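Trainee: With the hints as your guide, set chain C onto chain E.
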Amino acid sequence: MNTAKLMQGNEACTIGALTAGLNFYAGYPITPSTEIAELCSEELPKIGGKFIQMEDEIASMAAIIGASLAGCKAMTATSGPGFSLMQENIGYAAIAEIPVVIINVQRVGPSTGMPTSPAQGDVMQARWGTHGDHPIVVLAPGNVRECFDLTIRAFNIAEKYRVPVIVLTDEVIGHMREKVVLPDISKLKIENRIRPKSKNDYKPFEGDAETLVPPMADFGTGYRYHVTGLSHDVTGFPTNKGEIAGKQLERLLKKIERAEPELRDYFTESTDDCEILVVSFGSSAMSSLSAVRKARSQGIKVGLFRPKTIWPFPVEPLKAIAEKTTTIIVPEMNAGQLIYEIERIAGCNKHVMGIHKLNGELFKPDEIYNAIVQGARK
Amino acid sequence: MNTALEYLRENRLPHIWCPGCGHGTIMGAVVRAIARLNFDKNKVVIVSGIGCSSRAPGYMDFDTLHTTHGRALAFATGIKHARPDLKVIVMTGDGDATAIGGNHFIHAARRNIGITTIVMNNNIYGMTSGQVSPMTPKGALGTTAPYGNIDRSFDLVQLAQASGATYVGRATTYHVPLLIDLIEHALQNDGFSVVEAMTPCPTYFGRKNKMGGAVELLTMLKDNAVNIKAASALSEEKLKGKFLIGEFVNKSEPEFTNEYAKMVEQVQRKFDTFQGGLRECEQNSD
Numbered sequence: 001m002n003t004a005k006l007m008q009g010n011e012a013c014t015i016g017a018l019t020a021g022l023n024f025y026a027g028y029p030i031t032p033s034t035e036i037a038e039l040c041s042e043e044l045p046k047i048g049g050k051f052i053q054m055e056d057e058i059a060s061m062a063a064i065i066g067a068s069l070a071g072c073k074a075m076t077a078t079s080g081p082g083f084s085l086m087q088e089n090i091g092y093a094a095i096a097e098i099p100v101v102i103i104n105v106q107r108v109g110p111s112t113g114m115p116t117s118p119a120q121g122d123v124m125q126a127r128w129g130t131h132g133d134h135p136i137v138v139l140a141p142g143n144v145r146e147c148f149d150l151t152i153r154a155f156n157i158a159e160k161y162r163v164p165v166i167v168l169t170d171e172v173i174g175h176m177r178e179k180v181v182l183p184d185i186s187k188l189k190i191e192n193r194i195r196p197k198s199k200n201d202y203k204p205f206e207g208d209a210e211t212l213v214p215p216m217a218d219f220g221t222g223y224r225y226h227v228t229g230l231s232h233d234v235t236g237f238p239t240n241k242g243e244i245a246g247k248q249l250e251r252l253l254k255k256i257e258r259a260e261p262e263l264r265d266y267f268t269e270s271t272d273d274c275e276i277l278v279v280s281f282g283s284s285a286m287s288s289l290s291a292v293r294k295a296r297s298q299g300i301k302v303g304l305f306r307p308k309t310i311w312p313f314p315v316e317p318l319k320a321i322a323e324k325t326t327t328i329i330v331p332e333m334n335a336g337q338l339i340y341e342i343e344r345i346a347g348c349n350k351h352v353m354g355i356h357k358l359n360g361e362l363f364k365p366d367e368i369y370n371a372i373v374q375g376a377r378k
Numbered sequence: 001m002n003t004a005l006e007y008l009r010e011n012r013l014p015h016i017w018c019p020g021c022g023h024g025t026i027m028g029a030v031v032r033a034i035a036r037l038n039f040d041k042n043k044v045v046i047v048s049g050i051g052c053s054s055r056a057p058g059y060m061d062f063d064t065l066h067t068t069h070g071r072a073l074a075f076a077t078g079i080k081h082a083r084p085d086l087k088v089i090v091m092t093g094d095g096d097a098t099a100i101g102g103n104h105f106i107h108a109a110r111r112n113i114g115i116t117t118i119v120m121n122n123n124i125y126g127m128t129s130g131q132v133s134p135m136t137p138k139g140a141l142g143t144t145a146p147y148g149n150i151d152r153s154f155d156l157v158q159l160a161q162a163s164g165a166t167y168v169g170r171a172t173t174y175h176v177p178l179l180i181d182l183i184e185h186a187l188q189n190d191g192f193s194v195v196e197a198m199t200p201c202p203t204y205f206g207r208k209n210k211m212g213g214a215v216e217l218l219t220m221l222k223d224n225a226v227n228i229k230a231a232s233a234l235s236e237e238k239l240k241g242k243f244l245i246g247e248f249v250n251k252s253e254p255e256f257t258n259e260y261a262k263m264v265e266q267v268q269r270k271f272d273t274f275q276g277g278l279r280e281c282e283q284n285s286d
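Top line first, the protein sequences correspond to chains E and C.
For the first sequence, my numbering assigns the number 1 to the initial residue and increments by one for each residue that follows.
For the second sequence, my numbering assigns the number 1 to the initial residue and increments by one for each residue that follows.
FYI, nobody ran anything at the bench for these hints, they're computed from the structure.
Some hints could be false.
[As the list claims (entries may be wrong)] Result set (DSSO-like, lysine-lysine): computed pairs, CA atoms no more than 30 Å apart in a straight line:
1. E/LYS294 <-> E/LYS254
2. E/LYS46 <-> C/LYS270
3. E/LYS203 <-> E/LYS189
4. E/LYS199 <-> C/LYS87
5. C/LYS43 <-> E/LYS5
6. E/LYS187 <-> E/LYS160
7. C/LYS43 <-> E/LYS46
8. C/LYS41 <-> E/LYS197
9. C/LYS270 <-> E/LYS187
10. C/LYS208 <-> C/LYS240
11. E/LYS160 <-> C/LYS262
12. C/LYS43 <-> E/LYS203
13. E/LYS160 <-> C/LYS41
14. C/LYS138 <-> E/LYS197
15. E/LYS46 <-> C/LYS87
16. E/LYS203 <-> C/LYS87
17. C/LYS138 <-> C/LYS242
18. E/LYS203 <-> C/LYS41
19. E/LYS199 <-> C/LYS41
20. C/LYS43 <-> E/LYS199
21. C/LYS262 <-> C/LYS41
22. E/LYS187 <-> E/LYS247
23. E/LYS254 <-> E/LYS189
24. C/LYS262 <-> E/LYS46
25. E/LYS203 <-> E/LYS46
26. E/LYS179 <-> E/LYS294
27. C/LYS87 <-> E/LYS197
28. E/LYS197 <-> E/LYS254
29. C/LYS240 <-> C/LYS229
30. C/LYS238 <-> C/LYS208
31. E/LYS160 <-> E/LYS294
32. E/LYS160 <-> E/LYS308
33. E/LYS160 <-> C/LYS87
All values derive from a computational prediction rather than experimental measurement.
So here's chain E without its partners, still in its complex pose (with noise of 0.2 Å):
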């Protein structure tokens, strides 16, 4: 069962998301995530479960967040201009408190950009792409095997917290090929949504005490409960008292927020004595990594933090390294976003230095090696 595979990123997140008990699919074909529509239309019908292929991707959005309140695991899959379609329903998921599973896999933008190039253009969007103040959780994978731990992740945090998680990759990490060894999945732990226990005076918006998150009932199964987009209350019909809307707001955005500690993941290499420190994500991260090593063994004392949930930002481990270094190098396929974060973190004092790129191609190690140099030199 455990033996070594050849395995893609966007295959190893479709298994992923099969593992964690995915059974719903809807999405539009769109490069360079297409596989895992593909890979889903094959896969679910031998279990019994449901694919479609919608006619857009506001559409698979809506249908996942209804096959979802039917009581089902769904995903979709999609990557930059499908992203930008998909917000609106996804602030919908976020208000609503849907779980939901989308994994974003970036290319070139803006508009249709380099569909088969990499970037990671789409920090800030996949954090605030739909309107107004929401709750959202964004994971990062850094190579293949993290495509099945973190799908896997991305529903059970969509599942306790009821809230729409997206999954970002890139091009690279999408397509990429490696040897994967997967876990023996019977040791995983696979969480499903919290249901009411009793129909009896079931308010299918009001937070438990401690977490915060409602139960969630199924259509379908007699609780005959209202949704909507509007502001509402803990009954889910629609208010305009701004006191209980705010409220109502309040407790969403506090939910993740208290959930924070047990979100962060992170990997660190060669943090404990470093001035220079590389903060880098997804496939940026393996350059950086190679950069970092290489910088070590010429005795420069530089360390490498990889976020692998990039939202909430794992801020206080951040700051806990970043206070014992001078230098903060943030490469990413961009022209600067999570870069902000890491500013913010590191604070006033810190030189913070991004590296971009915006051709559609992966650092090369030495583009890292470089700045990492250049930061020792100071």
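Mentor: Same frame as chain E, now just chain C:
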């Protein structure tokens, strides 16, 4: 048999619709048709989009879903595909269904997925105060057509039929017994059903176009409607300026979720267990 009232959330009433609006009549027709069929209210889901029409589900005692503008059918497709045993009804407006939601409308019809769609056509965007919709007649006034609407309008019956709906009917809020009958038949159809319910909007459409109040608008619906059964005997001249009501399409064709279930059965006979992850993926571009 259940009474229609048993399918309403009485504690949510009165509704928000304006005096003279026909939306309450249409909601009444839907619950009456459901009552006639004696549906289990735990197995019915009502889905709506945005607009005056889309407030209806809040008053109805089922699992109810008030979604985003134009997307009711896409959400409903997810529910029906996930749970084919549920009766899924979409209540939408002319703008919701044919403008922002036009693409979902034709594709739900093309799939012939078992959803009953009630289009509450008041020829105007009421909730946002009187802008023209794709079903505002040419020449009519709206707040975004102050010099008269130059756009042509959809004939929803023809649109539904051409897109593949297997049940298509049209009635008005004057012709209530017919409206209930059509909805009842639509609910009995396995595939995608559309009932257009023409309804007056005295507040915006009537007032803006100086057509009078609720009574005048209802009288107009009464006077200009011709039943399709009678239409064939009438001359072209007599049909000028009239619109047709009645049952236009009622046929049996393979329904999407049934077809999917058949496919699953075939696939499962071929593959006993899940063997995921062994396939080489092709990489496409575009």
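Trainee: Each hint needs a verdict: does it hold in this structure or not?
Mentor: The hints, checked one at a time:
Between the alpha carbons of E/LYS294 and E/LYS254 the distance comes to roughly 42 Å, so the proposed pair goes past 30 Å and is violated. Restraint check for E/LYS46 and C/LYS270: satisfied, since their Cα atoms lie roughly 9 Å apart, inside the 30 Å limit. For the hint pairing E/LYS203 with E/LYS189, the CA-to-CA distance comes to about 28 Å; that is within 30 Å, so the pair holds. For the hint linking E/LYS199 to C/LYS87, the alpha-carbon distance of about 21 Å falls within 30 Å, and the restraint holds.
For the hint pairing C/LYS43 with E/LYS5, the CA-to-CA distance comes to about 45 Å; that exceeds 30 Å, so the pair is violated. A distance of roughly 18 Å separates the Cα atoms of E/LYS187 and E/LYS160; the hinted pair therefore holds under the 30 Å criterion. Using a Cα cut-off of 30 Å, the hinted pair C/LYS43 and E/LYS46 holds, with the two alpha carbons roughly 27 Å apart. Simply put, C/LYS41 and E/LYS197 have alpha-carbon atoms about 20 Å apart, close enough for the 30 Å limit, and the pair holds.
With a C-alpha separation of about 29 Å, the suggested pair C/LYS270 and E/LYS187 falls inside the 30 Å cut-off, and the hint holds. A distance of roughly 24 Å separates the Cα atoms of C/LYS208 and C/LYS240; the hinted pair therefore holds under the 30 Å criterion. Annotation: proposed proximity of E/LYS160 to C/LYS262 is violated, straight-line Cα distance about 34 Å (limit 30 Å). A threshold of 30 Å between alpha carbons decides the hint, and for C/LYS43 with E/LYS203 the separation of about 20 Å falls inside it, so the pair holds.
Straight-line distance between C-alpha atoms of E/LYS160 and C/LYS41 comes to about 29 Å, which keeps the hinted pair within the 30 Å bound. For a cut-off of 30 Å, the pair hint linking C/LYS138 to E/LYS197 is broken: about 55 Å separates their Cα positions. At roughly 26 Å between alpha-carbon atoms, E/LYS46 and C/LYS87 fall within 30 Å of each other, so this suggested pair holds. Only pairs whose Cα atoms come within 30 Å are accepted, and E/LYS203 paired with C/LYS87 is accepted, the gap being roughly 24 Å.
Annotation: proposed proximity of C/LYS138 to C/LYS242 holds, straight-line Cα distance about 15 Å (limit 30 Å). Restraint check: the Cα-Cα separation between E/LYS203 and C/LYS41 comes to about 19 Å, which is no more than 30 Å; the hinted pair holds. Distance hint between E/LYS199 and C/LYS41 is fulfilled; the C-alpha atoms sit about 15 Å from each other, no more than 30 Å. For a cut-off of 30 Å, the pair hint linking C/LYS43 to E/LYS199 stands: about 15 Å separates their Cα positions.
Note on C/LYS262 and C/LYS41: the hinted pairing holds, with a Cα-Cα distance of about 28 Å set against a maximum of 30 Å. Distance restraint check for E/LYS187 and E/LYS247: the Cα-Cα separation of roughly 39 Å exceeds the 30 Å cut-off, and the hinted pair is therefore not satisfied. Distance hint between E/LYS254 and E/LYS189 is fulfilled; the C-alpha atoms sit about 24 Å from each other, no more than 30 Å. Between C/LYS262 and E/LYS46, the direct Cα distance comes to roughly 12 Å. Compliance with the 30 Å bound is thereby established for this hinted pair.
Of the pairs offered as hints, the one joining E/LYS203 and E/LYS46 is violated, with about 37 Å between alpha carbons and a cut-off of 30 Å exceeded. Among the hinted pairs, E/LYS179 with E/LYS294 is consistent with the structure: their alpha-carbon atoms are about 23 Å apart, no more than 30 Å. Of the pairs offered as hints, the one joining C/LYS87 and E/LYS197 holds, with about 25 Å between alpha carbons and a cut-off of 30 Å not exceeded. With a CA separation close to 24 Å, the supplied pair E/LYS197 and E/LYS254 stays within the 30 Å bound.
At most 30 Å may separate the alpha-carbon atoms for a hinted pair to count; C/LYS240 and C/LYS229 meet this at roughly 16 Å. Pair hint C/LYS238 plus C/LYS208 holds up; C-alpha atoms about 28 Å apart against a cutoff of 30 Å. The straight-line distance between the Cα atoms of E/LYS160 and E/LYS294 is roughly 41 Å, outside the 30 Å bound, and the hint therefore fails. For the suggested pair E/LYS160 and E/LYS308, the alpha carbons sit about 19 Å apart, so the restraint of at most 30 Å is met.
Only pairs whose Cα atoms come within 30 Å are accepted, and E/LYS160 paired with C/LYS87 is accepted, the gap being roughly 29 Å.
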